[in-house]
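Heads up: the sequence lines are chains A and B, in that order. FYI, the working numbering numbers position 32 of the first sequence as 32, with every residue one higher than the one before it. FYI, the working numbering numbers position 49 of the second sequence as 49, with every residue one higher than the one before it.
Hints listed in this document are in silico derivations from the structure and should not be mistaken for laboratory results. Worth double-checking, as some hints may not be accurate.
As the list claims (entries may be wrong) - Below, computed lysine-lysine pairings styled on BS3-like, alpha-carbon distance capped at 25 Å:
1) A:K119 x B:K221
2) B:K304 x A:K82
3) A:K199 x A:K240
4) B:K123 x A:K64
5) B:K69 x A:K82
What the hints assert, rightly or not - Residues from chain B shown here face chain A by an in silico Cβ test under 7 Å; the list is partial:
6) T149
7) Q153
8) L200
9) Y204
10) K211
11) A216
Said to hold, decoys possible - A short, non-exhaustive set of chain A residues, derived as facing chain B with CB atoms under 7 Å:
12) M95
13) F97
14) Q120
15) A185
16) A305
Don't be surprised by glycine CBs; every beta carbon is placed ideally from N, CA and C.
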Amino acid sequence: MEKILEIDDLHVHFSTYGGTVQAVRGVNLYLNKGETLAIVGESGSGKSVTSNSIMQLIPSPSGKIVRGSIRFKGKDLVQTSKKEMRAIRGVDISMIFQDPMTALNPTLTVGDQLTEGLKQHSSVSIGKAKEKAIEMLRLVGITNPESRLKQYPHQFSGGMRQRIVIAMALICEPDLLIADEPTTALDVTIQAQIMELFKEIQEKTGVSIILVTHDLGVVARVADRVAVMYGGKIIETGDKDDIFYRPQHPYTIGLLQSVPRLDMKEDILQPIEGTPPDLFAPPQGCPFTARCAHAMQVCANIHPATSYLSDSHQVECWLQDARAKRQPV
Amino acid sequence: MAIYLIRRFVIMIATIFVIATLTFILMHSIPGNPFTTQDRSTSEAVQENLKAHYHLDEPMIVQYGIWLKSLATFDFGPSIKQPTETVNDLLGRGFPISAELGMWTITIALISGITLGVLAALKHNGIIDYIAMTLAVLGISIPNFILATLLIQQLAVNLQLLPAATWSSPMHMIMPIIALATGPTAIIARLTRSSMLEVLTQDYIKTARAKGLSPAKIVIKHALRNALMPVVTILGTLVAAILTGTFVIERIFAIPGMGKYFVESINNRDYPVIMGTTVFYSAFLIFMLFLVDIVYSILDPRIKLHKKGGS
Numbered sequence: 001m002e003k004i005l006e007i008d009d010l011h012v013h014f015s016t017y018g019g020t021v022q023a024v025r026g027v028n029l030y031l032n033k034g035e036t037l038a039i040v041g042e043s044g045s046g047k048s049v050t051s052n053s054i055m056q057l058i059p060s061p062s063g064k065i066v067r068g069s070i071r072f073k074g075k076d077l078v079q080t081s082k083k084e085m086r087a088i089r090g091v092d093i094s095m096i097f098q099d100p101m102t103a104l105n106p107t108l109t110v111g112d113q114l115t116e117g118l119k120q121h122s123s124v125s126i127g128k129a130k131e132k133a134i135e136m137l138r139l140v141g142i143t144n145p146e147s148r149l150k151q152y153p154h155q156f157s158g159g160m161r162q163r164i165v166i167a168m169a170l171i172c173e174p175d176l177l178i179a180d181e182p183t184t185a186l187d188v189t190i191q192a193q194i195m196e197l198f199k200e201i202q203e204k205t206g207v208s209i210i211l212v213t214h215d216l217g218v219v220a221r222v223a224d225r226v227a228v229m230y231g232g233k234i235i236e237t238g239d240k241d242d243i244f245y246r247p248q249h250p251y252t253i254g255l256l257q258s259v260p261r262l263d264m265k266e267d268i269l270q271p272i273e274g275t276p277p278d279l280f281a282p283p284q285g286c287p288f289t290a291r292c293a294h295a296m297q298v299c300a301n302i303h304p305a306t307s308y309l310s311d312s313h314q315v316e317c318w319l320q321d322a323r324a325k326r327q328p329v
Numbered sequence: 001m002a003i004y005l006i007r008r009f010v011i012m013i014a015t016i017f018v019i020a021t022l023t024f025i026l027m028h029s030i031p032g033n034p035f036t037t038q039d040r041s042t043s044e045a046v047q048e049n050l051k052a053h054y055h056l057d058e059p060m061i062v063q064y065g066i067w068l069k070s071l072a073t074f075d076f077g078p079s080i081k082q083p084t085e086t087v088n089d090l091l092g093r094g095f096p097i098s099a100e101l102g103m104w105t106i107t108i109a110l111i112s113g114i115t116l117g118v119l120a121a122l123k124h125n126g127i128i129d130y131i132a133m134t135l136a137v138l139g140i141s142i143p144n145f146i147l148a149t150l151l152i153q154q155l156a157v158n159l160q161l162l163p164a165a166t167w168s169s170p171m172h173m174i175m176p177i178i179a180l181a182t183g184p185t186a187i188i189a190r191l192t193r194s195s196m197l198e199v200l201t202q203d204y205i206k207t208a209r210a211k212g213l214s215p216a217k218i219v220i221k222h223a224l225r226n227a228l229m230p231v232v233t234i235l236g237t238l239v240a241a242i243l244t245g246t247f248v249i250e251r252i253f254a255i256p257g258m259g260k261y262f263v264e265s266i267n268n269r270d271y272p273v274i275m276g277t278t279v280f281y282s283a284f285l286i287f288m289l290f291l292v293d294i295v296y297s298i299l300d301p302r303i304k305l306h307k308k309g310g311s
């Protein structure tokens, strides 16, 4: 399969008054054309920073990509000039943010916000742009799109606004759509609708999607592949089934066990004890050591190499090392 | 919208009526009358005649009635001190000059204040930011009458670049406008900067960047409009401040605007002029506040005029 995006050894640092935060520490990732990759992890694991890095939207000057490359269709986005990057944003790669209530400008009409990207990147006539906007609104399931164009964001509900945000991201027909927690701010029924919409759109347009989320339910619903992030690193990647049915990293296992299930006998959840590592001074070894029930001496000192369990399934854990004693996890 | 405008108009009239009544009560509660400060040579009989002429011997309620009538007909009658001129003449002569000074001031304060504020916000914690904010602190701290005298001293007396006083050519206008506009410029710049900084962190700015819009478009179309809301809010108060500022500045630069009549009329107890200028000023101010509300609803579609309450 054709790889549309390849991230290689990405390091992103933020300088703050308190010191340097090493938010992303060597992320390797790829995305095949037309698939949906979910990046999961808890708050502060670096998943949003990774996705913002692809768009080159790291807040500067505090944030900086210090090492690594992000190749989109063979072109390294880290080396791309600001001007060239502006021509890529919205056209080739689009992004959807978490909170639809704040992602739209309250003082501009929905139509204006929908068409401005199109007008920026191509020389379409106002009439054509409007037509396209109506088409997009229809695609995301908004009724009466013609009259809705003249309305302002506050005249729409949260779910509707997220639909508009999605329409806005898709209007220039991008090859890659990055959705940064697109359903976190919505209530559950709307979440399901929006996720259905994502699937529908992917079927219709063939867009590749990176879905950043901490909601495993969402992942199970739409993702083809999953990357689990922890402490600024990707600790396990695999097909959806690899991650959900054959998780290998103790963190992934813990993450799955901490999700409440309807068919659960005991009504006690198993949270992962402890807190994520301090990324001001990230641990030398595996970042999960302090919280890991299987931690060994080597874990604290040396970060494990990647173990390839199958073509799709990779994990970074000493338990997978040939020298580790086998025990069922 | 029409209903809102009508309701708003009624409230404006009512406000002016209250101001007019208060002015009348305050004016008459000060002991004495316009003739007590005059030359002692006027005899009692002459004073009585004068009082009768201006209806000042009538009971208060009758005088109040006469006052309301003059208010309703926009005819405040002749000035007591300069009987050859009516109050309307004075207003007609003074107001255009004051308005010219005020409008230039507010225009220049808005343009330079917003520009400085936006630049400072975009170059946050940079050199431009520090320079702009230092200037702003100075501008807010220095009273306009001090600035005015400093300007006269430097630009007119020492360097002899600009004429020191009066209001006859564009060159004459430069110093009074600078003196009057510096304070408001500083306030607007600081306000624009802080609200711009806040707006620039909003998600919709991030969305706009993710669309690949140019930085200029993001700032002007997406950020500035939202950032200007607080500026519009204080614009009403600022207009009032500039208006009262003109009294002092007009005096320093010997500008024949309205301020002169306003101050002199109170010293002279010139009842018709006090009444006329006070009501005129308040009506002007109320109208400005009304304009501010209209601008509000244009800038932010979430503000619906017809749904809002009376005030």
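Here is what the structure says about each hint:
A C-alpha spacing of about 14 Å is found between K119 (chain A) and K221 (chain B), which places the hinted pair at or below 25 Å, so the restraint holds. For the proposed pair K304 (chain B) and K82 (chain A), the alpha carbon gap of about 40 Å is over 25 Å, so the pair is violated. For the suggested pair K199 (chain A) and K240 (chain A), the alpha carbons sit about 15 Å apart, so the restraint of at most 25 Å is met. This hinted pair checks out: K123 (chain B) and K64 (chain A) have alpha carbons roughly 18 Å apart, not beyond 25 Å.
Note on K69 (chain B) and K82 (chain A): the hinted pairing is violated, with a Cα-Cα distance of about 69 Å set against a maximum of 25 Å. About 43 Å separates the beta-carbon of T149 (chain B) from the nearest beta-carbon of chain A, more than 7 Å, and the hint is not met. With 7 Å as the threshold, the beta carbon of Q153 (chain B) stays out of range of chain A, its nearest partner Cβ sitting at about 44 Å, so the hint is violated. The criterion of a C-beta within 7 Å of any C-beta in chain A is not met by L200 (chain B), whose closest approach is roughly 10 Å, and the hint is violated.
For Y204 (chain B), the shortest C-beta to C-beta distance to chain A is roughly 4 Å, which falls under 7 Å, so the interface hint holds. For K211 (chain B), the interface hint holds, since its Cβ comes within 7 Å of a Cβ in chain A; the closest pair sits about 4 Å apart. The beta carbon of A216 (chain B) comes no nearer than 11 Å to any beta carbon in chain A, farther than 7 Å, and the hint placing it at the interface is violated. A least Cβ separation of about 4 Å between M95 (chain A) and chain B falls short of the 7 Å threshold, and the interface hint therefore holds.
Contact between F97 (chain A) and chain B, as hinted, is supported at the beta carbon level, the nearest pair being about 5 Å apart and thus within 7 Å. Hint status for Q120 (chain A): holds, given a least beta-carbon distance of 6 Å to chain B, under 7 Å. Checking A185 (chain A) against chain B by beta carbon gives a least distance of about 10 Å; that is not within 7 Å, so the hint is violated. At a threshold of 7 Å, the smallest CB-CB gap from A305 (chain A) to chain B is about 36 Å, leaving the interface hint violated.
Hint compliance for this structure: hints 2, 5, 6, 7, 8, 11, 15 and 16 are not met, and every other hint is.
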